[in-house]
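Trainee: Start from the sequences and build out the full structure, keeping to the hints where you can.
Keeping their order, the protein sequence lines are chains A and B. Numbering-wise, our numbering comes out as the position in the first sequence, counting from 1, plus 282. Numbering-wise, our numbering comes out as the position in the second sequence, counting from 1, plus 1.
Bear in mind the hints are in silico, worked out from the structure with no lab data behind them. Only a predicted model underlies this, so the values are computations on that prediction, with no experimental measurement involved. By construction, the Cβ of each residue, glycine as well, lies at the ideal position given by its N, Cα and C atoms. Honestly, I wouldn't trust all of these hints.
Chain A side only, calculated, beta carbon under 8 Å to chain B, not exhaustive [stated by the list, open to error]:
1) Thr338
2) Gly342
3) Pro351
4) Phe352
5) Ala382
6) Lys391
7) Leu394
8) Val397
9) Arg398
10) Gly402
11) Ile405
12) Asn406
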Amino acid sequence: MSDVTRNEICVTACADAFRGDGEIMASAMGVVPMLGARLARATFAPDLLVSDGEATFVDGDGTAEGWIPFRSVFDTLWSGRRHVIMGATQVDRFGNQNIACIGDWARPKAQLLGVRGAPGNTINHTTSYWVPNHGTRVFVPAVDFVSGIGWDRGAVEIRVVVSNLGVFDFDTPDHSMRLRSHHPGVSVAEIVDATGFELAVGDAVETRAPTDEELRLIRDVLDPTGTRDAA
Amino acid sequence: MTDKRLTADDVVAELADGMTIGIGGWASRRKPMALVKAILRSNLKDLTIVSYGGPDVGMLCASGQAKKVVYGFVSMDTVPLEPHFRIARQTGAIEAVELDEGILQWGLYAAALRLPFLPTRAGLHSDVMRINPQLRTVVSPYDDAEELVAVPAIHLDAALVHLNRADERGNTQFLGPDLYFDDLFCMAAARRFVSCERVVAARDFASEGSIHTLRVHRGMVDGVVEAPGGARFTSCVPDYDRDEVVQSAYAATAGDPDAYGQFMERYLGE
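Mentor: Quick look at the structure:
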């Protein structure tokens, strides 16, 4: 389908991040990852548990199926039975992530959110990242503050980074970042230029487009008002 | 029967300069803003604020009353970055203790249980350990010999939380989907103050929610303040949602002392 948008490619790529996860909690920060989690559950990963963003697990038709207040979210994540897609203001080649601050923490140039749950997430369960603005300010040689730990610091699993340009994994001997696929219309050279560290490139393929059924679900069922394009 | 009803100013009169004060709620959700406003009107200073932070933290930073803030994040949900808190951090106006959200929970829980620490993996190998040299690790005494973070108890001099209903004796009821960590804030504190939307008779609790909503009971509460709208502009569902218009207006005053002063004059008068 030629009219597939970049955001729809990214939603599908986020969905694919949850492939094989089984009956665990799928958390997602941001519109595109959340749509990805819900798309995965509606298609190939029906056992995923997805919350409404507050304190209720809801199934595909919106029925409440469980109570998941923050207390239980913390318990679940420490149990390891969770995969989250978080944002990343900075990420390095081993998947260390920063959402705390830019500059020296003691007196930051820019205070951001704070570390939130990133340290606990990454040492307890699978974590992926969504970066809507791929560039050398985000994909940096070293993050200013390690909020979420990467592969080189003992993360359980940093599975993928989905950006607006491509999908990246860590399937290399030293778990450094590798270009898995470039989105349609994006060249490998463009991605390499927009990445501030040496990226393993290998035989990257084009990111898959959503199937007709996935596209129908995204457009007519999961996001009929098009919030994915306002994100 | 002890009648624990107080005014917000009565609560502030029980606080003192230099105290460590825990504030319940989460980001811009069910924050005890009526009690925070009473602090803002007072001369209290040099406070240490412990919070899953939102505008409570931003305002106490902007007023200069917070000397130190202990947090896992400071956010207003729909305004992800709390701008007044950001200014305080970026100008070095406050001392900061930045923790993983779960570490903060564990610190409160350890205090609640009178334990010196509770172990966790959260924080290991992250820069949370670098910036918090007070966090030490402990080795499991069992065969696994795993090294874990020993989160020290976070003792509070006072806890301030806002819940939907309470009776005169300090039994309370939360009617929204999430208690957040309000029970732990109360249990970690020497003095516990709850503001509520409405004071009701205990027999009326059952008409609004199940037994499970009576999580914070009078054994955990020293004072009750009836404060309708007392979480505004943060949310207090199902009584009311966040007031996004007022929150946006508050956020827009960051960096403009005149606009902030005008906003706060109006806000504190409400």
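Trainee: Each of the hints needs a verdict: does it hold here or not?
Mentor: Each hint, compared with the structure:
About 6 Å separates the beta-carbon of Thr338 (chain A) from the nearest beta-carbon of chain B, less than 8 Å, and the hint is met. The restraint placing Gly342 (chain A) at the interface with chain B is violated, with a minimum CB-CB distance near 20 Å, outside the 8 Å limit. At about 4 Å, the closest approach between the beta carbon of Pro351 (chain A) and any beta carbon in chain B falls short of 8 Å, and the interface hint on this residue holds. A least Cβ separation of about 6 Å between Phe352 (chain A) and chain B falls short of the 8 Å threshold, and the interface hint therefore holds.
Interface hint status for Ala382 (chain A): upheld, as the beta-carbon distance to the closest one in chain B is roughly 7 Å, under 8 Å. The interface hint given for Lys391 (chain A) is met, as the beta carbon of that residue sits about 7 Å from the closest beta carbon of chain B, less than 8 Å. The restraint placing Leu394 (chain A) at the interface with chain B holds, with a minimum CB-CB distance near 7 Å, inside the 8 Å limit. Among the interface hints, the one on Val397 (chain A) holds; its C-beta lies about 6 Å from the nearest C-beta in chain B, closer than the 8 Å criterion.
Of the supplied interface hints, the one on Arg398 (chain A) holds, with its beta-carbon coming within about 5 Å of a beta-carbon of chain B, less than 8 Å. A hinted interface residue such as Gly402 (chain A) counts as satisfied when its beta carbon comes closer than 8 Å to some beta carbon of chain B; here the least separation is about 3 Å, so the hint holds. With 8 Å as the threshold, the beta carbon of Ile405 (chain A) comes within range of chain B, its nearest partner Cβ sitting at about 5 Å, so the hint holds. For Asn406 (chain A), the shortest C-beta to C-beta distance to chain B is roughly 6 Å, which falls under 8 Å, so the interface hint holds.
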